[in-house]
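Our numbering puts the sequence shown at residues 769 to 1098.
Listed below are the simulated EDC-like cross-link pairs for lysine to aspartate or glutamate, each with C-alpha atoms no more than 16 Å apart in a straight line: (1) 981 <-> 1041; (2) 985 <-> 1041; (3) 988 <-> 1041; (4) 988 <-> 978; (5) 1069 <-> 841; (6) 954 <-> 1001; (7) 1056 <-> 841; (8) 1005 <-> 960; (9) 1004 <-> 960; (10) 981 <-> 1051; (11) 967 <-> 782; (12) 1005 <-> 995; (13) 1092 <-> 939; (14) 988 <-> 960; (15) 988 <-> 1037; (16) 1005 <-> 993; (17) 985 <-> 1037; (18) 1056 <-> 1066; (19) 967 <-> 978; (20) 1005 <-> 1024; (21) 1084 <-> 939; (22) 1040 <-> 984; (23) 1056 <-> 978; (24) 1004 <-> 993.
Distance windows between CB atoms, simulated: (25) 820 <-> 934: 38 to 44 Å; (26) 960 <-> 1095: 49 to 55 Å; (27) 893 <-> 1097: 26 to 32 Å.
By construction, these hints were calculated from the structure, which means they are not laboratory data.
Every residue, glycine too, gets a C-beta built ideally from N, C-alpha and C.
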Amino acid sequence: MTQRVLSGIQPTSDSFHVGNHLGALQNWVAMQETHECVYFIADMHAITVEQDPAQLRQRTLLSYAQLLALGIDPNRSTLIVQSHIPEHAQLMWVMSSITGLGEANRMTQFKDKSAKGGSSTASVGLLTYPILQAADILLYQPDAVPVGEDQRQHLELTRDLAIRFNTRFGDTFTVPQAHIVKGTAKIQDLQDPTAKMSKSSPSGCINLLDPLKTTEKKIKSAVTDSDSVVEFDLVKKAGVSNLLTIMSAYSETSIDDLVTSFAGRMYGDLKKETAAAVLSFVEPFQAKVEAFMSDTSELEKMMRTSAVRAREIASKTLADVHDKLGFVRP
769 MTQRVLSGIQ PTSDSFHVGN HLGALQNWVA MQETHECVYF IADMHAITVE
819 QDPAQLRQRT LLSYAQLLAL GIDPNRSTLI VQSHIPEHAQ LMWVMSSITG
869 LGEANRMTQF KDKSAKGGSS TASVGLLTYP ILQAADILLY QPDAVPVGED
919 QRQHLELTRD LAIRFNTRFG DTFTVPQAHI VKGTAKIQDL QDPTAKMSKS
969 SPSGCINLLD PLKTTEKKIK SAVTDSDSVV EFDLVKKAGV SNLLTIMSAY
1019 SETSIDDLVT SFAGRMYGDL KKETAAAVLS FVEPFQAKVE AFMSDTSELE
1069 KMMRTSAVRA REIASKTLAD VHDKLGFVRP
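Turn these sequences into a full structure, and let the hints guide you.
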């Protein structure tokens, strides 16, 4: 029996970046070959911090278009917008009612984000974000959830809540496992290769929809070291190793072979060829995104079709939950 997996991404920037692609989205595409996949644009999660409505709407469409351009096939995967499925919010209320306040307060992402902005500015939505995430997952009864280290704590909460509900009310939810993809590329910031690539560092982040000249300039300005030998060493040569990792992914050449090919050559060659490898992927990707965005009515039609398919699963789960709770059927 084919396992079901679920994952989501927030529409909080004007472009996905290389870290998103090589760290997660590339695997979303690959998993379509081996799993039943449910993927979603997490627009409800996005509003836990203030958003401009017009910008959020545009970014949601753009995120959907980028996933299609990367290779997510809506005929093979269920690709939805979170807010199109009201069952997410309905199940979230149920799960929040069996979550302890201490559990919610212990979530490290809430601590980190509220510390940055001050606890007085943190919303209740930010506090309950992991509970909505639990509802996102449990609603579709997935066997596994692809997670990075930053989301592992949230998945543990999801598992705890599923087990708690099942214990109190009877077998209802599949308890999902963490799906750790081996060999996932860890992409670092171009200007600070000790930090993960992030949209919060504009000069160190390669956005997939940036102008080609901008991407080329960022890569050629990447921090390396005072040496000139192209070697892969994550500790001593973090910047060089990061460029080799990126080039390896986009040129489909092993890092060992790349290191051999750069023997006796300088960092300038490494940067130039890394930029060329990235641009060879980015240029056709951007053309596909532009084509999808040229007809947003068709994009919205795809969203609606996927939402109907998703709600067939979601409504069944929620009806079972309501029966177990003792709610009177409408």
